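Asks: In case you want the letters, here they are:
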Amino acid sequence: MRLLTHNMLASNARGASTGYPLKLQVVKWTTKEAEPNADFLRGMLPKLDWAALVAATHSLGLPGLLPESPPTDAELSADGAADDEGSALRRLHRALLEIHIEEGTLVCPDTERCFPISKGVPNMLLHEDEVRN
Amino acid sequence: MVTHGGGGWRRFGKTAAERARASASAAAAGVRRRSPRCVGEFIGDPCSGEKWEPSLRRGASSRLISCGGGARRGEKGEEERRGERMPRPEVQAPPEIFYNESEARKYTTSSRIIEIQSRITERALELLALPNDGVPKLLLDIGCGSGLSGETLTEQGHHWIGYDISKSMLDVALERETEGDLLHADMGQGLGLRPGVIDGAISISAVQWLCNADKSCHNPRLRLKCLARGARAVLQFYADNVKQSEMIVTAAMRAGFAGGVVVDWPHSSKAKKSYLVLTCGPPSLNSSLPKGKGQDGAMCSDDDESDDGSGDDGEAQTVGIYERNRPKKRQKTKKNGKGKSWLLNKKEQMRKRGREVPADTKYTGRKRKSYF
Chain A
1 MRLLTHNMLA
11 SNARGASTGY
21 PLKLQVVKWT
31 TKEAEPNADF
41 LRGMLPKLDW
51 AALVAATHSL
61 GLPGLLPESP
71 PTDAELSADG
81 AADDEGSALR
91 RLHRALLEIH
101 IEEGTLVCPD
111 TERCFPISKG
121 VPNMLLHEDE
131 VRN
Chain D
1 MVTHGGGGWR
11 RFGKTAAERA
21 RASASAAAAG
31 VRRRSPRCVG
41 EFIGDPCSGE
51 KWEPSLRRGA
61 SSRLISCGGG
71 ARRGEKGEEE
81 RRGERMPRPE
91 VQAPPEIFYN
101 ESEARKYTTS
111 SRIIEIQSRI
121 TERALELLAL
131 PNDGVPKLLL
141 DIGCGSGLSG
151 ETLTEQGHHW
161 IGYDISKSML
171 DVALERETEG
181 DLLHADMGQG
191 LGLRPGVIDG
201 AISISAVQWL
211 CNADKSCHNP
221 RLRLKCLARG
231 ARAVLQFYAD
241 NVKQSEMIVT
251 AAMRAGFAGG
261 VVVDWPHSSK
271 AKKSYLVLTC
281 GPPSLNSSLP
291 KGKGQDGAMC
301 SDDDESDDGS
311 GDDGEAQTVG
321 IYERNRPKKR
331 QKTKKNGKGK
341 SWLLNKKEQM
351 RKRGREVPAD
361 TKYTGRKRKS
371 YF
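Here the protein sequences line up with chains A and D, keeping their order.
Residue numbers are given in my numbering: position 99 of the first sequence equals residue 99, and the series is strictly consecutive.
Residue numbers are given in my numbering: position 112 of the second sequence equals residue 112, and the series is strictly consecutive.
Note that these hints are calculated values from the structure, not bench results.
Computed from a prediction, not measured in an experiment: that's the story for all the values here.
Be a bit skeptical, because a hint or two may be false.
[What the hints assert, rightly or not] Pair ranges (Cβ atoms, derived):
(1) PRO266/D - PRO67/A: 36 to 44 Å
(2) GLN25/A - THR250/D: 26 to 34 Å
(3) THR30/A - THR109/D: 37 to 45 Å
(4) GLU246/D - ALA55/A: 40 to 48 Å
[As the list claims (entries may be wrong)] Taking lysine-lysine and the DSS-like style, the derived pairs with C-alpha atoms no more than 30 Å apart in a straight line are:
(5) LYS167/D - LYS32/A
(6) LYS167/D - LYS119/A
(7) LYS367/D - LYS32/A
[Claimed, not checked] Just some of the chain D residues that point at chain A, by a computed CB distance under 8 Å:
(8) ASN132
(9) VAL135
(10) MET247
Backbone N, C-alpha and C fix where the C-beta goes; we use that ideal spot for every residue, glycine too.
My request is simple: use the sequences and hints to build the entire structure.
Replies: Spelled out as structure tokens, the structure:
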């Protein structure tokens, strides 16, 4: 599971008001190279919950990866940003699309319900009595 | 013995006593139960290719075929057999049980399924009508299975998040190293996404599973709340009957979606695909419903429908409905061979060539008695 998905995902369990953001407890994560696409990231930027993303990188043990405030459009579309290792674009790209969480747990902030992640696939299945109607 | 008078026996394995009782009652019923065609005419069942064995007439075998309803019986048998070969998977078991390991593997190793899935996905993407600006989108694949449809999405450059309820299917997807993120979740429980983050959602052949789950029919309304404003969802499903598809549409409307069902190839039984196209947010210019393919009676050509080499299957897909509606052609059975005149002519020819040919008698070219 990438942090992009984590950023979208909310708990659906009964009793959760928003169920967002899910707390991330990481046991194992890997990096998989991907092709950066500035347009995609620019499109995603307004939809991201930046605070949750930063918190997620912290729980991965990468506190310096992302700044506290989201990068501006100008920063992302700067020339050569895709090639420059340390650019805001590359760092956002790495955080969102290259980091894969393999093993760990997602914890609902409201109900403390745990969703285990195994082999990179979070198990979001709820029991019948936990479903919010 | 009046074995052929029974009219309606279609069963195997009647006991002798039953047979005797039934034939006695048939004899008592007399003319009323006798079928209109007499046994002598009935040569074979043209549909199943079975021959009427003379021995059957003497009641030696337990298999009795109604003489009048031969063709009808054949048709019914055909249907039953078809039914046995391809029962609807959703009536067999819930998805998380039906798609076990072997079924999941079957699903992904069949090149036919792969081809159909990717074709449906392409069509769904077309209906999704994403802005064509070359920017990758974040899409949702609800019921992604082993990621066959997701692969098509990846090919088009989009990022996707896949939902599936079957662990085995997801395992196969992991093995295939699909690009998208996978979630093990039940779409009937709601998607659990923040509102307004997804650019579009597709679902290939998955929604019909919800109709059979006992309770989930009630709450599809919460399901797609996470779509961005103006985003579209295209859900392809196989509805079992009109009622089911109506139910799906009403549920969608009640949930506040605008949209409707686009049916591709409505006249074909196999190629028919229903796409539920939903838009949310204010209706815009492009929210008018696209037109289904093949609605004006055009049959799908081989380009559009799978042509997977297995000849009769492909043909059944393209002409299926016509084949069914057309009255069955009676097969001509040349029971007498080529006839006496042909035979005499042939013998004459041979004689002219100087061959030794038996003399013509009253027996020449005569058919053998059936009990020979």
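Asks: Now tell me, hint by hint, if it's right for this structure.
Replies: Results of checking the hints against the structure:
For the pair PRO266/D and PRO67/A, the beta carbons lie near 55 Å from each other, so the given range of 36 to 44 Å is not met. One distance hint, 26 to 34 Å for the beta-carbon pair GLN25/A and THR250/D, is violated here, with the actual separation near 42 Å. Range check, THR30/A to THR109/D: about 28 Å between beta-carbon atoms, so the 37 to 45 Å window is missed. Against the hinted window of 40 to 48 Å, the Cβ-Cβ separation of GLU246/D and ALA55/A comes to about 45 Å, which satisfies the hint.
For the hint linking LYS167/D to LYS32/A, the alpha-carbon distance of about 23 Å falls within 30 Å, and the restraint holds. About 11 Å separates the Cα atoms of LYS167/D and LYS119/A, which keeps this hinted pair within 30 Å; it holds. This hinted pair does not check out: LYS367/D and LYS32/A have alpha carbons roughly 81 Å apart, beyond 30 Å. The interface hint given for ASN132/D is broken, as the beta carbon of that residue sits about 13 Å from the closest beta carbon of chain A, more than 8 Å.
This hint holds: VAL135/D has a C-beta 4 Å from the nearest C-beta of chain A, less than the 8 Å allowed. The criterion of a C-beta within 8 Å of any C-beta in chain A is not met by MET247/D, whose closest approach is roughly 18 Å, and the hint is violated.
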